[in-house]
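One line per chain: the protein sequences are A and B, in this order. If you're matching positions, the first sequence starts at 1 in this note's numbering and goes up one per residue. If you're matching positions, the second sequence starts at 281 in this note's numbering and goes up one per residue.
Simulated from the structure, these hints should not be mistaken for lab results. Each hint should be verified, as a subset may be incorrect.
Below, a list of computed lysine-lysine pairs in the BS3-like style, where the Cα atoms sit at most 27 Å apart [stated by the list, open to error]:
#	chain 1	residue 1	chain 2	residue 2
1	A	Lys-255	A	Lys-230
2	B	Lys-452	A	Lys-2
3	B	Lys-452	A	Lys-255
4	B	Lys-557	B	Lys-452
Selected chain A positions facing chain B (Cβ under 10 Å, derived; list incomplete) [as the list claims (entries may be wrong)]:
#	residue
5	Trp-13
6	Leu-45
7	Ala-55
8	Leu-90
9	Gly-242
10	Trp-243
From the three backbone atoms N, C-alpha and C, an ideal C-beta is built for every residue, glycine too.
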Amino acid sequence: MKRILTLVTLLLWGTTFLYFYLSGRIASYLHPQFHAYVLIAGAGLLVLGALWWWASRETDTGCRDCGCHHEGEEPRRRLSAGAVFAFGVLLLPITAAAFISPGQFGEAMVMNRGMVTDISQLPSAELPGGSWQDAPAWDDSVDSSDASWPQDQEEGVEYFTRTPDGAIQVETLDLLFAAQEPALREEFENQRVSIIGQYIPPRGGAEGGFDLVRMFVVCCAADARPLGIKVVGESVEVPRMGWVRITGVARFENKGGTIEPSLELENIEEVEAPRESFLY
Amino acid sequence: MDHWFWFSLPDFAYSFLSVVLEGVPFILAGVVLSGLIDAFLPPRVLARLLPRHPAGGILLGGALGAILPMCECGIVVVIRRLLQKGLPLSSAMAYMLAAPVVNPIVAVSTYAAFRGQGPLEMMLCRIALSFAVAVVVASIVHFLRRAWVLRPDLVAAPVIDDHPDERSGKAKSAAAVRAATGDFLDVTVFFVLGAAVATLFNTSVNQQVIMPLADDRALAVGSMMALAALLSLCSTSDAFVAATFTAFPSAAKLAFMSFGPVVDLKLVFIYGLVFRKRFIGLLVAALILLIFAACTLLPIPNFRG
């Protein structure tokens, strides 16, 4: 019985890891640098399962001459109450979590973790004039690590990506960064921008806007930090934490010495969750 | 702050699964190594490699992570095997406490995380503090009896003689697979339990509750150590989280990064694989005392630039 449960455990874990990798669900859980480890672990667990089946049938005969016993090698065959508990812990939580897990956080986590509205609170933020390598809204050919960027860009060169109606496509990270970087702030201030994120209504039913949130991740979802942008406008009917695309005018306001970005709402539409729901 | 606890089952499941997906590959690496050690490393080889003087063994154990890096999830099964193979308890303790930090991967991640906050100073302070704490604790453990420290099944010292292991390569390979599988099941049970408890805190407790503590150095250090234990982050990534607590002094962030890799909710469960409960209690108390004292009493400036 124990042999079978051991095999089932290894196969279940291996299959689960491979499923998350091959289905692409892994993108909602881990930073890309860890994805390959999940593939290797999944394959490794399946191989270990097959090897275990073979090894558990091999009899340890001891050394040929003396028949001595090597500690820790005896396959355990009896199923005690402790073993039943252990297999329960190994089999049930991961199965249940794989089914229950929605692949994104809800409002409770955002409120418990606290919304980041100042980019200096993010890991490895270096401001101003330092390197900032993750500027997804810009053309990859633009070297954003250059401290003088974007002031020295050739005039007339379009380095923003725009929507068909002319709004600049940005991420929450870009606006938070721009809030601390004067040259970049000038580029966005009073411009129409298009941005996607998750909708969080005002707490306590307050009127006059809502928050747009996107998760920033270093390693895995467990360390996610919600990046929040205040959206000013009329109340809208959107599911809590639903994905939306917002078009609005970017504003920057000095609040007690900290410049915070906000958006003046022009249009909001519900959209599918992006495949890469995190920002890195 | 309008609440301090808000539980959501989907959030819990999501965060728990991400911790499992991130941590298990490293556990698997650890158990494969432990299986190979079990089957292919004769005790006499280990005995010959180690310095004869206990102090040399402790210092070597503390530095071993530099060439044999392991994260805190995988290292416990490795030292369990090494203890069975005759590695002295004090050397094993030094390796177990130091290796999750004193290794090149963590050094690089710490440097990267603290860009703009004295990266070189933070990296060196972290490595030095973790090494020093590991050596001090291991030196204390050297004077304790194995029976007081280790679980009964690990107490018996291996018989180290020149009797060669004459099993065939096939038999040794089968033994390695059995050992690795047994270790994987053992450590993963504890890992799952610990990850669940840590995730409960990580997703359900309002983390603003600790922010008022940042102004007082002792409170800041203590609260960051508590947070490190509760969050149970991997040592390769915890620096990125520590660096975000910009309101806290560097000493508190150092405490977070030195304490978390040796004491956290999942590790306390995993330590149960090797140590007696009373020793785990003593170990945790000693680590709290040492790291807290170092980070509150030593003149650690707030690093910038």
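Comparing the hints with the structure gives:
1. A/Lys-255 / A/Lys-230: Holds, at about 13 Å.
2. B/Lys-452 / A/Lys-2: 22 Å, holds
3. B/Lys-452 / A/Lys-255: Between B/Lys-452 and A/Lys-255 the Cα gap is close to 68 Å, so the pair fails against 27 Å, i.e. violated.
4. B/Lys-557 / B/Lys-452: Answer violated: B/Lys-557 to B/Lys-452 is near 33 Å, above 27 Å.
5. Trp-13: 7 Å, holds
6. Leu-45: 7 Å, holds
7. Ala-55: Status holds, d = 4 Å.
8. Leu-90: Status holds, d = 6 Å.
9. Gly-242: 14 Å, violated
10. Trp-243: At 16 Å from the nearest chain B Cβ, A/Trp-243 fails the 10 Å test, so the hint is violated.
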